[in-house]
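Asker: Residue strings, one per chain:
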Amino acid sequence: MSLSTPTQPDRRLERHERIYRRLLIAYPRSFRDEYGDDLVQSFRDLMMFSSSGAGTWWRTLRDLITSAPRERVSMFSKGPKPPIIVLFVLACVIAAAFIAGPGPFLPFILIPTLVLIGLPIYGMTRFRQAWLVRRTTGGAIAAQIALGVASFVPVAVILALLGDDAGYWIFVAVGLGLIVGSALGILWAIITLATAHGDRPGGRRWIRPALVLVPSVAVLGIIIGGSYNSYRQSLGPPGDHSVDNASADTRSLWEAANAGDVDEVLRITADTCADPWVKFPVGNGRHNAKGQAETRELELPDALEPRFRQIADILGDYMDDWRDRCGRAG
Amino acid sequence: MPEEADALDPSPHVPLSPAALHIVLSLNRGERHGYAIMSDVERLSDGVITLGPGTLYGTIKRLVADGLIEQTDTRPDPALDDQRRKYYRLTALGASVCDAELQRLANLVERTRHPAPVRLLGELS
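For the protein sequence lines, the chains are A and B, in the order given.
Quick note: the first sequence, position 48, residue 48 per this note's numbering, numbers continuous.
Add 1000 to a position in the second sequence, counting from 1, and you land on the number used in this note's numbering.
The set of hints was computed from the structure by calculation and includes no laboratory data.
All values reported here derive from a predicted model rather than from experimental measurement.
The beta-carbon is built from N, C-alpha and C at its ideal position, and this holds for glycine as well.
There's no promise every hint is true.
Stated by the list, open to error - Label-pair distances were calculated between CB atoms; the ranges are:
id	chain 1	residue 1	chain 2	residue 2	range
1	A	Trp58	B	Glu1110	34 to 44 angstroms
2	B	Gln1071	A	Ala26	34 to 44 angstroms
3	B	His1114	A	Pro69	38 to 48 angstroms
4	A	Arg15	B	Glu1110	48 to 58 angstroms
Work out the full structure: start from the sequences and follow the hints.
Answerer: Structure below.
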């Protein structure tokens, strides 16, 4: 029995086929799995019956460029959608972060953004392989978030009753709750993955695209967060804890503090009942005079100490009256 | 039966995209495999429409999902054709959609060639 050896044209055809099969990576995996062999078969037919190999390649490549994105978009639109509750909660947190100011924006938006947007997007685009992500972003996500938020709300209520920053602490509770809730979901999915038996669609192939996607979303979050932070700073909010002051005449307060005009700061805070948590320029830095007035523990270079202590003393005398008049616990 | 009539209602599926229309027209002439459909479409459209493999099977996927065409179980005689080729044919719904789309295009051509006279507002009263 003799084996027939492939002829020269056969070998050339096989080479073309191999190249085309590699190019099929442009199509979604599900499409390749279902129609990959048919695509190659049609390409082979085109090559065999066409008078020009270059013409066939030109036709095939033009088609690849237009049809591959169409199939990707079509698969994306048919993939599982994140529950509406996730989008709603995310919108609330983003709104809260915008109100709260730039300080908490990055940690409280970036992490939920990574978890709540990045992973579901990955899940939608690669859902056949994203078994772990589907576990995480299924209907249980609402319960996970609710559990996370609920676990922080009592602490937030206590802190809000003790202090005067109720809105801030509720915002912190929701942000932490989101992070913890999402982390619980991922932990649960990992445990399920580790203990599951039988067929796991796609195995661990989700790792590679996740390694690409997560940093991409992180960079996007940093750019958005950084831009927003710069925008808020350009308005002149006084430092990183600006919840109370945001409702007062922040620009005037910030400008007065920046100019070292303690009398003007006191006048504005007396008029508006704003928390005089403003930072005065001392040397190359900015320091919190209210904190200095209350704790007396701020360490400053000797040369800068007298002027700043003078401001802190004036503010300290003012604080008792301010607390009585404005009904603040301090 | 009203349910059967609904199942063959072509209206949700028309108009067809150019690629889908030509594939349906090709299969209206009988069962075909991928390359035969591509050649048929090229011939039918006088070379204006040339489908590549990706567009062909992307459209076939959607037509199968919509129930307009289906893959046949029969395989050609190995002596006559490559057994790896899959053959497709029109379903009853696909035939109904094909008729409706051709009728729609015929009406369009008719109206374009013989437009109804435009009546002025005063003439209506």
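Asker: For every hint, state whether the structure bears it out.
Answerer: Comparing the hints with the structure gives:
1. The given range of 34 to 44 angstroms is respected by Trp58/A and Glu1110/B, whose C-beta atoms sit roughly 38 angstroms from each other.
2. The hinted range of 34 to 44 angstroms is not satisfied by Gln1071/B and Ala26/A, whose Cβ atoms lie roughly 24 angstroms apart.
3. Checked against the hint of 38 to 48 angstroms, the pair His1114/B and Pro69/A passes, with Cβ atoms roughly 41 angstroms apart.
4. About 52 angstroms separates the C-beta atoms of Arg15/A and Glu1110/B, a value consistent with the hinted range of 48 to 58 angstroms.
Hint 2 from the earlier list is the only one contradicted by this structure; the remaining hints agree with it.
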